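**Q** Here is how the chains run, residue by residue.
Number of protein chains: 2
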Amino acid sequence: MAKQERAVRTRQSLIQSAAEVFAREGYAAASLAHISRLTGVSNGALHFHFETKRELARAVEEEAARRLRTITEDAPVDGARGSALQGLVEATHGLMSRLAEDVVVRAGFELGGEPALGATAGVRRYWQEWVEDMLERADREGVLADGVTPERVAPAIVAATVGFEVLGGRDRGWLSGQRIDAFWELVLPQLTGEAV
Amino acid sequence: MAKQERAVRTRQSLIQSAAEVFAREGYAAASLAHISRLTGVSNGALHFHFETKRELARAVEEEAARRLRTITEDAPVDGARGSALQGLVEATHGLMSRLAEDVVVRAGFELGGEPALGATAGVRRYWQEWVEDMLERADREGVLADGVTPERVAPAIVAATVGFEVLGGRDRGWLSGQRIDAFWELVLPQLTGEAV
Numbered sequence: 001m002a003k004q005e006r007a008v009r010t011r012q013s014l015i016q017s018a019a020e021v022f023a024r025e026g027y028a029a030a031s032l033a034h035i036s037r038l039t040g041v042s043n044g045a046l047h048f049h050f051e052t053k054r055e056l057a058r059a060v061e062e063e064a065a066r067r068l069r070t071i072t073e074d075a076p077v078d079g080a081r082g083s084a085l086q087g088l089v090e091a092t093h094g095l096m097s098r099l100a101e102d103v104v105v106r107a108g109f110e111l112g113g114e115p116a117l118g119a120t121a122g123v124r125r126y127w128q129e130w131v132e133d134m135l136e137r138a139d140r141e142g143v144l145a146d147g148v149t150p151e152r153v154a155p156a157i158v159a160a161t162v163g164f165e166v167l168g169g170r171d172r173g174w175l176s177g178q179r180i181d182a183f184w185e186l187v188l189p190q191l192t193g194e195a196v
Numbered sequence: 001m002a003k004q005e006r007a008v009r010t011r012q013s014l015i016q017s018a019a020e021v022f023a024r025e026g027y028a029a030a031s032l033a034h035i036s037r038l039t040g041v042s043n044g045a046l047h048f049h050f051e052t053k054r055e056l057a058r059a060v061e062e063e064a065a066r067r068l069r070t071i072t073e074d075a076p077v078d079g080a081r082g083s084a085l086q087g088l089v090e091a092t093h094g095l096m097s098r099l100a101e102d103v104v105v106r107a108g109f110e111l112g113g114e115p116a117l118g119a120t121a122g123v124r125r126y127w128q129e130w131v132e133d134m135l136e137r138a139d140r141e142g143v144l145a146d147g148v149t150p151e152r153v154a155p156a157i158v159a160a161t162v163g164f165e166v167l168g169g170r171d172r173g174w175l176s177g178q179r180i181d182a183f184w185e186l187v188l189p190q191l192t193g194e195a196v
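These protein sequences, in sequence, are chains C and W.
With full-length UniProt numbering as the guide, the letters of the first sequence map in order to residues 1 to 196.
With full-length UniProt numbering as the guide, the letters of the second sequence map in order to residues 1 to 196.
Fair warning: there could be bad hints in the mix.
As the list claims (entries may be wrong) - Interface residues of chain C toward chain W, partial, derived using beta-carbon atoms under 8 Å:
(1) Gly26
(2) Val162
(3) Gly177
Stated by the list, open to error - Simulated DEER-style distance windows between Cβ atoms:
(4) Glu25(C) - Gly193(W): 24 to 30 Å
(5) Glu129(W) - Gly142(C): 39 to 45 Å
(6) Glu51(C) - Asp181(W): 42 to 48 Å
(7) Glu141(W) - Arg24(C): 41 to 47 Å
(8) Gly177(W) - Ala145(C): 40 to 46 Å
(9) Gln12(C) - Gly142(W): 54 to 60 Å
(10) Glu55(C) - His47(W): 33 to 39 Å
(11) Arg81(W) - Glu25(C): 46 to 52 Å
(12) Ala100(W) - Asp146(C): 28 to 34 Å
Keep in mind the hints are simulated off the structure, nothing from the lab.
These figures come from a predicted structure and were not determined experimentally.
For each residue, glycine too, the CB sits at the ideal point set by N, CA and C.
Okay, chain C solo, but in the shape it has when bound (with noise of 0.2 Å):
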């Protein structure tokens, strides 16, 4: 293997073995000892790819932004009437079962929420982001029911989705389709004006 392939590889590893120690003791807690030991490398060869605790932060942050970008991606949200608000629904389905067997994608999540890291949250927001950008399009589509608008919905449909990502956190049962469905039962039938 060559030289730069291995690199390449052991920096996706020590993402890997960051995400879980910071998943399991949050991030203050973690020591970067730990984490090399547990990817099998040295503290230096953890250091040659991130200086401080904080830096392999933000690549668990940025890594689980890329996996979710994926998600968000294979959105079939086309223009279609319908094709937005659907896209948004699977998606949140592809989320919840990602944030269920995927450390990286949670862990990145849940440092969005770590005081120690100020203000920057960026996994959620991008996640909110996207979910305000469906809504707008279902809105220009056309779907959404007389007096709802995108702006006084959103805030809901994130706050709803974030809860079950940090209540999942502690039990997976709560990231399960079924409850992911019964959301969208609950909400789905306000928001277009029709019976699911």
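Starting from the known structure of chain C, fit chain W onto it as the hints suggest.
**A** Below, chain W without anything else, positioned relative to chain C:
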């Protein structure tokens, strides 16, 4: 001031300072020395009341749970048709304004997501059970629409309120009455089968 009364006041001040430090820096990063300094007492005085940071965190959670109970007990739930849902709506508003102004309640909720503290999640759990209880009462009052069961809708409502709480920890705008109104406008018609 009698010695005992002073001890009670010091204990309350320590809980208040601890909540401020936990909310700002996170539990893991918070130092007992910082908390005693902020309270204006010696480390020895702090240790007289709380032997460990964990004990102090538990005291913050208990105080937050006590305050949350005053909100849920204020909800006018008397068994009359519609009173349980009305009480639930009022308590969510009460909780969000309390979260906006009271750092002990805010820190108490956030400590439930703290990995270092283990699996208790005391305050969020109390809130979840209360929401479930109100929806069961609403069902017994006969106000839930056909096909709506408390078990199916409770997770969505718990998730949304936890989401508002978590996002509100970073940005108080998430706790505004307007956003909570918008959430209930979206959800109540489907819950009850009636327009709001």
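**Q** Does each hint hold? Answer for all of them.
**A** Here is what the structure says about each hint:
no. : hint                              : in the structure
1   : Gly26                             : 4 Å, holds
2   : Val162                            : 4 Å, holds
3   : Gly177                            : 12 Å, violated
4   : Glu25(C) - Gly193(W): 24 to 30 Å  : 46 Å, violated
5   : Glu129(W) - Gly142(C): 39 to 45 Å : 42 Å, holds
6   : Glu51(C) - Asp181(W): 42 to 48 Å  : 47 Å, holds
7   : Glu141(W) - Arg24(C): 41 to 47 Å  : 43 Å, holds
8   : Gly177(W) - Ala145(C): 40 to 46 Å : 23 Å, violated
9   : Gln12(C) - Gly142(W): 54 to 60 Å  : 56 Å, holds
10  : Glu55(C) - His47(W): 33 to 39 Å   : 36 Å, holds
11  : Arg81(W) - Glu25(C): 46 to 52 Å   : 49 Å, holds
12  : Ala100(W) - Asp146(C): 28 to 34 Å : 32 Å, holds
Of the hints listed earlier, those the structure fails to meet are numbers 3, 4, 8, in rising order.
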